[in-house]
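S.K.: Sequence:
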Amino acid sequence: MMFITKNGRKTKRLAALALSLTLLFAQTPIFAQKAKDKEPLFKIEESALPENAQWQAELSFPDRFGEVEDTLAPNSLYAFDFFEGQGRIFIQVGRDVKAFSLFVNQERVDTSTMAAGKSYKIDISKAARNGKNILQAADIHVAAAASWSVNNSDSDAASQSAISSTVKVYVPYPVLLEEGGGQSEIDSDALDLVSQIIQSDIEHGFPCVQLAIAKNGRILYKNSWGFINSYDMDGNPLPQNERVKITDDTMFDIASCTKALAANMAIEFLISQKKLSLDTKIADVLGDDFYKKTINIKYKNGSGASLGQNKKWKAALTVRDVACHTAGFPAGPAYYNKNFNSTTQGREKENQIPKNKLYAGCGADQETRAKTFEAICKTPLLYEPGKRVLYSDADYMILGFVVEQITGESLDDFCKKTFWEPLGLKRTAFNPLQNGFSKSDCAATELRGNTRGGTLLDFAGRSDTIQGEVHDETAYYSMAGVSGHAGLFTTASDALKLLSTLFYGGYGQNKFFDKDVLDSFFSPQDSGRANWAIGWYHQGDDRRSWNFSQSASRATVGHNGWTGTLVMLDPEEKLALAYFTSKRNTPYREENAYEFEGSYFTAAAPGFVPALLYEGMEKGSDKKNARLLLLADMVRDKFRLVEAEQLKSGEPVTDSAHPIVRAAYSILEVFVRRAKADGSNQAAQLANEAATLLDPTRDAAEIEKIKEMLK
1 MMFITKNGRK TKRLAALALS LTLLFAQTPI FAQKAKDKEP LFKIEESALP ENAQWQAELS
61 FPDRFGEVED TLAPNSLYAF DFFEGQGRIF IQVGRDVKAF SLFVNQERVD TSTMAAGKSY
121 KIDISKAARN GKNILQAADI HVAAAASWSV NNSDSDAASQ SAISSTVKVY VPYPVLLEEG
181 GGQSEIDSDA LDLVSQIIQS DIEHGFPCVQ LAIAKNGRIL YKNSWGFINS YDMDGNPLPQ
241 NERVKITDDT MFDIASCTKA LAANMAIEFL ISQKKLSLDT KIADVLGDDF YKKTINIKYK
301 NGSGASLGQN KKWKAALTVR DVACHTAGFP AGPAYYNKNF NSTTQGREKE NQIPKNKLYA
361 GCGADQETRA KTFEAICKTP LLYEPGKRVL YSDADYMILG FVVEQITGES LDDFCKKTFW
421 EPLGLKRTAF NPLQNGFSKS DCAATELRGN TRGGTLLDFA GRSDTIQGEV HDETAYYSMA
481 GVSGHAGLFT TASDALKLLS TLFYGGYGQN KFFDKDVLDS FFSPQDSGRA NWAIGWYHQG
541 DDRRSWNFSQ SASRATVGHN GWTGTLVMLD PEEKLALAYF TSKRNTPYRE ENAYEFEGSY
601 FTAAAPGFVP ALLYEGMEKG SDKKNARLLL LADMVRDKFR LVEAEQLKSG EPVTDSAHPI
661 VRAAYSILEV FVRRAKADGS NQAAQLANEA ATLLDPTRDA AEIEKIKEML K
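Here the numbering used here is used: position 387 in the sequence shown is 387, and no number is missing along the way.
Just so you know, these hints were derived from the structure itself, not from any lab. Hints are not guaranteed to be accurate.
[What the hints assert, rightly or not] Computed spacing ranges between beta-carbons, pair by pair:
{"id": "1", "residue 1": "L641", "residue 2": "R388", "range": "29 to 39 Å"}
{"id": "2", "residue 1": "N681", "residue 2": "G346", "range": "56 to 66 Å"}
{"id": "3", "residue 1": "V244", "residue 2": "N296", "range": "49 to 59 Å"}
{"id": "4", "residue 1": "D248", "residue 2": "D622", "range": "28 to 38 Å"}
{"id": "5", "residue 1": "D289", "residue 2": "A331", "range": "22 to 32 Å"}
{"id": "6", "residue 1": "L630", "residue 2": "D289", "range": "55 to 65 Å"}
{"id": "7", "residue 1": "D289", "residue 2": "A57", "range": "36 to 46 Å"}
{"id": "8", "residue 1": "K300", "residue 2": "S680", "range": "51 to 61 Å"}
[What the hints assert, rightly or not] Think about it this way: if two alpha-carbon atoms lie no more than 25 Å apart in a straight line, the pair counts; the simulated BS3-like pairs of lysine-lysine are:
{"id": "9", "residue 1": "K312", "residue 2": "K357"}
{"id": "10", "residue 1": "K98", "residue 2": "K121"}
{"id": "11", "residue 1": "K293", "residue 2": "K355"}
{"id": "12", "residue 1": "K705", "residue 2": "K676"}
{"id": "13", "residue 1": "K245", "residue 2": "K222"}
{"id": "14", "residue 1": "K292", "residue 2": "K355"}
{"id": "15", "residue 1": "K387", "residue 2": "K281"}
{"id": "16", "residue 1": "K511", "residue 2": "K417"}
{"id": "17", "residue 1": "K245", "residue 2": "K426"}
{"id": "18", "residue 1": "K711", "residue 2": "K676"}
{"id": "19", "residue 1": "K281", "residue 2": "K515"}
{"id": "20", "residue 1": "K118", "residue 2": "K98"}
{"id": "21", "residue 1": "K387", "residue 2": "K293"}
{"id": "22", "residue 1": "K222", "residue 2": "K624"}
{"id": "23", "residue 1": "K311", "residue 2": "K292"}
{"id": "24", "residue 1": "K311", "residue 2": "K300"}
{"id": "25", "residue 1": "K222", "residue 2": "K619"}
{"id": "26", "residue 1": "K126", "residue 2": "K43"}
{"id": "27", "residue 1": "K300", "residue 2": "K338"}
{"id": "28", "residue 1": "K168", "residue 2": "K515"}
{"id": "29", "residue 1": "K439", "residue 2": "K426"}
{"id": "30", "residue 1": "K371", "residue 2": "K357"}
{"id": "31", "residue 1": "K300", "residue 2": "K355"}
{"id": "32", "residue 1": "K387", "residue 2": "K311"}
{"id": "33", "residue 1": "K311", "residue 2": "K281"}
{"id": "34", "residue 1": "K676", "residue 2": "K707"}
{"id": "35", "residue 1": "K416", "residue 2": "K222"}
The model shown is predicted, which means the values in this text are computed figures rather than measured ones. From the three backbone atoms N, C-alpha and C, an ideal C-beta is built for every residue, glycine too.
Use the sequences and the hints to build the structure in full.
M.R.: So, in structure tokens, the structure goes:
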């Protein structure tokens, strides 16, 4: 080592000094760290290819396309999807390959130790990044006796020669990793606020919540709050010592999320397998009886079409029509309820006429399920197909039957074999009580079966608290618990794995969907129905904010369920969320048997969770203040809902035990605690202003409580 002085002389003394300093610094921690950083990015092991593996990509170099592209570069490059901190690829080196170069994201893989005729596993986790990753295979040298050409003949000999002269690369799909340190992509205070709101609602009467969040291939957050069952059949709170806390393993009845995570995924799979298409006619799968057996019902608000026209419409229905909820079927024909009014599509009191012309029985068994299929075939359309979207359970009952007819298996057996077992899902099932689970494994739903303690006089169904059985009447009584529209039980953690397959079409070494199929299902139906994709809710231009929040990307899709469940995917943020509640496990309001007390709480409105998560993903310089003011607005809005409740009856809400008042107390207390912890003058002022929202008479006890909290 030498240094050149200003007059150009070589100074050995300076060189010696520099060498001494280099040796000295090499012993210091910072230099030791740099030496450590020079450890190979890629761990390479000789390894056989996994058996029966399915790949995100299976590539052969050179000439990846099998011909020369006029842009030249694509033959040596490939972009694949992965996430930071995970990933491995497999390499097969042809027996005539002497040497080659390999790069991942422009980082060189040491191929000097890779022998011809061998296969290798390469850990790329240190070089992988979120989103697109670039693989380059170049400068492939083969033995002199071997050759490769874009014009190779189709003979076996030429084919074998080409294989022996190639480097093959196999790329698995990303998987979900448990969060293992490092900076979270959602700041912890935002997650704390979500937890505080839910926990406060639990303390004021909300039953239970389970939440799991994944982003960029990692499970960032899992939590559960509340109890498997919180009330007795009469709506009285259970004593604390009789309540059992839920866990991350508690299974929830996800109601209509079944449409997304069972029937729709099964249809997407079958289309990817070329066993079905969106334009396949339903009658071509289920038989001509699907339209020939149609009967005439003069719907009160129907199209007025003749029976002949109705049969023609049904004969032409496609998978796309029913998956898009544009087929024309009524929303819920209630095949299990003989007192349902077919003409008005409304519930009637017991023994009133007319009876349900489509009644198929309520035996909750396979015989009733078969009769329900016949009733679906009899069902006339309410309106001309394609004219509008009408969310219908009948549509996804039909798709469930389509899956069963094509596969020759029941929907639950097919989903278990195709999705649940390959993904290692242990807590996902239809009819959990018939599949090795107990009631204690499942969050309870309605307290008095489907009858509201006899308030609903039209149907004498279950009267006990429902737990481990699907709540949905049609799924239970008509479909023996297995249907495309409802019936699936799962956990938020298991749901995340199902959702993650929809990012790229597979998981690990399992392929489920073609990306083109996913793109078609996730796209808006048309410009007039941007809030609907195919079988999924679609964010579009802020069309699903109640579900996904205003901050979700326009490409976000998801679904929710009547029991209080939500699943969502934001493909731009690589964000997956499963939010399960059991909001129906609460008393109903005496004045309205359809108003469950749990529905009044903030935790019952799933959109608040993604709203706070997206806010927690921002990198602004004044997040703390922005979050405090946002929470203050949430408190004000909740008290506006108290006022709105007054407008329903025309009388002030004077009962402090009313669920909307308790829900307002709940979020107010969260805000006051956070404002006090903030300690700023602004926070104190906001807390005092929030306290003025309380009514001096109705809220006297709460006012005293807030005063104590502010001391």
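S.K.: Please go over all the hints and tell whether each is borne out by the structure.
M.R.: Each hint tested on the structure:
Between L641 and R388 the CB atoms are about 31 Å apart, so this pair conforms to the stated range of 29 to 39 Å. The beta-carbon spacing between N681 and G346, approximately 57 Å, falls within the hinted interval of 56 to 66 Å. In this structure the hint that V244 and N296 lie 49 to 59 Å apart at CB holds, the actual value being about 52 Å. A C-beta distance of roughly 34 Å is found between D248 and D622, which places it inside the suggested range of 28 to 38 Å.
One distance hint, 22 to 32 Å for the beta-carbon pair D289 and A331, holds here, with the actual separation near 23 Å. For L630 paired with D289, a C-beta distance near 56 Å keeps the hint of 55 to 65 Å intact. Against the hinted window of 36 to 46 Å, the Cβ-Cβ separation of D289 and A57 comes to about 44 Å, which satisfies the hint. Checking the proposed 51 to 61 Å range against K300 and S680 shows it holds: the Cβ atoms sit about 60 Å from each other.
Restraint check for K312 and K357: satisfied, since their Cα atoms lie roughly 21 Å apart, inside the 25 Å limit. A distance of roughly 19 Å separates the Cα atoms of K98 and K121; the hinted pair therefore holds under the 25 Å criterion. Pair hint K293 plus K355 holds up; C-alpha atoms about 19 Å apart against a cutoff of 25 Å. Distance restraint check for K705 and K676: the Cα-Cα separation of roughly 14 Å lies within the 25 Å cut-off, and the hinted pair is therefore satisfied.
Of the supplied pair hints, the one linking K245 and K222 holds, its CA atoms being roughly 15 Å apart against a limit of 25 Å. As the CA atoms of K292 and K355 are separated by approximately 23 Å, the hinted pair is consistent with the 25 Å bound. Straight-line distance between C-alpha atoms of K387 and K281 comes to about 18 Å, which keeps the hinted pair within the 25 Å bound. At most 25 Å may separate the alpha-carbon atoms for a hinted pair to count; K511 and K417 meet this at roughly 13 Å.
Note on K245 and K426: the hinted pairing holds, with a Cα-Cα distance of about 20 Å set against a maximum of 25 Å. Taken as a hint, the K711 and K676 pair is honoured in the structure, with Cα atoms around 9 Å apart against an allowance of 25 Å. Under the criterion of a C-alpha separation no larger than 25 Å, the hint pairing K281 with K515 is consistent with the structure, at around 23 Å. Straight-line distance between C-alpha atoms of K118 and K98 comes to about 12 Å, which keeps the hinted pair within the 25 Å bound.
For the proposed pair K387 and K293, the alpha carbon gap of about 23 Å is at most 25 Å, so the pair holds. Restraint check: the Cα-Cα separation between K222 and K624 comes to about 23 Å, which is no more than 25 Å; the hinted pair holds. Proposed proximity of K311 and K292 is supported: the alpha carbons are some 6 Å apart, at most 25 Å. Between K311 and K300 the CA atoms are separated by roughly 19 Å; this keeps the pair inside 25 Å, and the hint holds.
This hinted pair checks out: K222 and K619 have alpha carbons roughly 23 Å apart, not beyond 25 Å. Proposed proximity of K126 and K43 is supported: the alpha carbons are some 9 Å apart, at most 25 Å. For the suggested pair K300 and K338, the alpha carbons sit about 18 Å apart, so the restraint of at most 25 Å is met. The hinted pair formed by K168 and K515 meets the criterion: a straight-line CA distance of about 22 Å does not exceed 25 Å.
Taking the CA atoms of K439 and K426, the gap is near 16 Å; set against the 25 Å cutoff, the hint holds. Restraint check for K371 and K357: the C-alpha separation of about 13 Å stays at or below 25 Å, so the hint holds. Between K300 and K355, the direct Cα distance comes to roughly 15 Å. Compliance with the 25 Å bound is thereby established for this hinted pair. For the hint pairing K387 with K311, the CA-to-CA distance comes to about 17 Å; that is within 25 Å, so the pair holds.
Our distance criterion of 25 Å between C-alpha atoms is met by K311 and K281, whose separation comes to about 13 Å. For a cut-off of 25 Å, the pair hint linking K676 to K707 stands: about 11 Å separates their Cα positions. This hinted pair checks out: K416 and K222 have alpha carbons roughly 24 Å apart, not beyond 25 Å.
Consistency with the previously given hints is maintained throughout, with no hint failing.
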